[in-house]
Amino acid sequence: MTEDLENLSVAELKHRGVPPKQILAEMKRRGMSSHEILDALSPRPPISSRVGSRSLRRRVVIALYGCWLVGVLSMEISVHAGSKWTTAALEGLAFGALIIATVSAVWLGRRTYINAPQIADRELDERLLQVKNQAYRTAFQLFGFLVLFAWPLSLLFISIEPGARGTTGAIVLFGGVALLVNTLPTAVVAWREPDPEP
Amino acid sequence: MAPTIRNRITVLRVERGLSRQQLAEALGINYQTVGYLERGDYNPSLELAFRISEYFGLPIEAIFSRQPFAPMSSQLYGKEESA
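Residue numbers (our numbering), protein chains in the order written: chain E, -1 to 196; chain P, 7 to 89.
Pulled out of the complex, with its shape left as it was, chain E reads as follows (with noise of 0.2 Å):
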């Protein structure tokens, strides 16, 4: 049985009903590292069939940062709304926007390569590599120009309404800040990235 096992590939091991903590010991016999188990484990299909059209990749972008821009509007709208009703339409419409949001940022995660560097890397070529670097160098200029915007507004919302509310609309804005550091160099490149080829 061990003689069987060392001929075949996980594929095979899967295939035939070797039970998973046994090929993931015979993957660790066998010297593989923690990358390729992962890879042998779940294979994903490769790069070229998941990014998706690029006018597809940039509607997605512009519901991101739209759903969220929506979503941090209708909570301070919803501040200043006289009814119970439109508080509670308002503050459903900035949940579902927010939801929104998450979807399309774990949607571009899964068709651009930058999404979990460590294992995306290994399918990188070279000039794939290179609109990963650049991606992340856009993305930084981006970032550092918006940042010079919100660090001071969320200082200006602490002094012009001191307590809860203008805490609140700090950290909203941090909130938007801490999400350009997760999904702009993912936006980047999905933005830029042309049509895959026939």
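Since the hints were made in silico from the structure, they are not lab data. Take the hints with a grain of salt, since some may be wrong.
Derived Cβ-Cβ restraints for the label pairs, each shown as a range [claimed, not checked]:
(1) Pro150/E <-> Pro9/P: 52 to 62 Å
(2) Gln139/E <-> Pro9/P: 20 to 30 Å
(3) Leu6/E <-> Glu21/P: 37 to 47 Å
(4) His13/E <-> Ala32/P: 22 to 32 Å
(5) Gln139/E <-> Ser79/P: 46 to 56 Å
(6) Leu6/E <-> Pro74/P: 44 to 54 Å
(7) Gly142/E <-> Pro65/P: 43 to 53 Å
(8) Ala32/P <-> Leu67/E: 41 to 51 Å
(9) Glu124/E <-> Glu21/P: 22 to 32 Å
(10) Pro9/P <-> Ile60/E: 33 to 43 Å
(11) Arg52/E <-> Ser51/P: 24 to 34 Å
(12) Thr16/P <-> Leu67/E: 24 to 34 Å
(13) Gly64/E <-> Arg22/P: 41 to 51 Å
Facing chain P, from chain E, some residues (calculated, C-beta under 8 Å) [claimed, not checked]:
(14) Glu10
(15) Asp123
(16) Glu124
(17) Leu126
(18) Pro194
From the three backbone atoms N, C-alpha and C, an ideal C-beta is built for every residue, glycine too.
Here the structure of chain E is known, so what remains is to put chain P in place on it, guided by the hints.
Only chain P this time, still in chain E's reference frame:
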């Protein structure tokens, strides 16, 4: 802007009846990168240039050039005529 390096990858690939996908797999690169190389939109690293040269079994200067290539037909028949 990076200087343009001309190449004959398209001709060599078509001559051998290979698709971009097949060539990409043989070279260990993304298939879109083959398109970028063929159009001259991307200049390969020295390491990739050597891999391409080894794959086609030709010297690097037969595949890449800083000057525009003369058409292969004129190179072949032009020499014969002058000989």
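Each hint, compared with the structure:
1. Pro150/E <-> Pro9/P: 52 to 62 Å: violated (44 Å)
2. Gln139/E <-> Pro9/P: 20 to 30 Å: holds (26 Å)
3. Leu6/E <-> Glu21/P: 37 to 47 Å: holds (39 Å)
4. His13/E <-> Ala32/P: 22 to 32 Å: holds (28 Å)
5. Gln139/E <-> Ser79/P: 46 to 56 Å: holds (49 Å)
6. Leu6/E <-> Pro74/P: 44 to 54 Å: holds (53 Å)
7. Gly142/E <-> Pro65/P: 43 to 53 Å: Cβ of Gly142/E to Cβ of Pro65/P: about 47 Å, so the range 43 to 53 Å holds.
8. Ala32/P <-> Leu67/E: 41 to 51 Å: holds (47 Å)
9. Glu124/E <-> Glu21/P: 22 to 32 Å: holds (25 Å)
10. Pro9/P <-> Ile60/E: 33 to 43 Å: holds (37 Å)
11. Arg52/E <-> Ser51/P: 24 to 34 Å: Cβ of Arg52/E to Cβ of Ser51/P: about 26 Å, so the range 24 to 34 Å holds.
12. Thr16/P <-> Leu67/E: 24 to 34 Å: violated (46 Å)
13. Gly64/E <-> Arg22/P: 41 to 51 Å: Hint holds: Cβ distance 48 Å, inside 41 to 51 Å.
14. Glu10: Interface hint status for Glu10/E: violated (22 Å vs cutoff 8 Å).
15. Asp123: Where the cut-off is 8 Å and the nearest Cβ of chain P is about 4 Å from Asp123/E, the hint holds.
16. Glu124: Hint on Glu124/E: holds, closest Cβ of chain P at ~5 Å, below 8 Å.
17. Leu126: Cβ of Leu126/E sits 6 Å from chain P, so the hint holds.
18. Pro194: holds (6 Å)
In this structure, the hints that do not hold are numbers 1, 12 and 14, in rising order.
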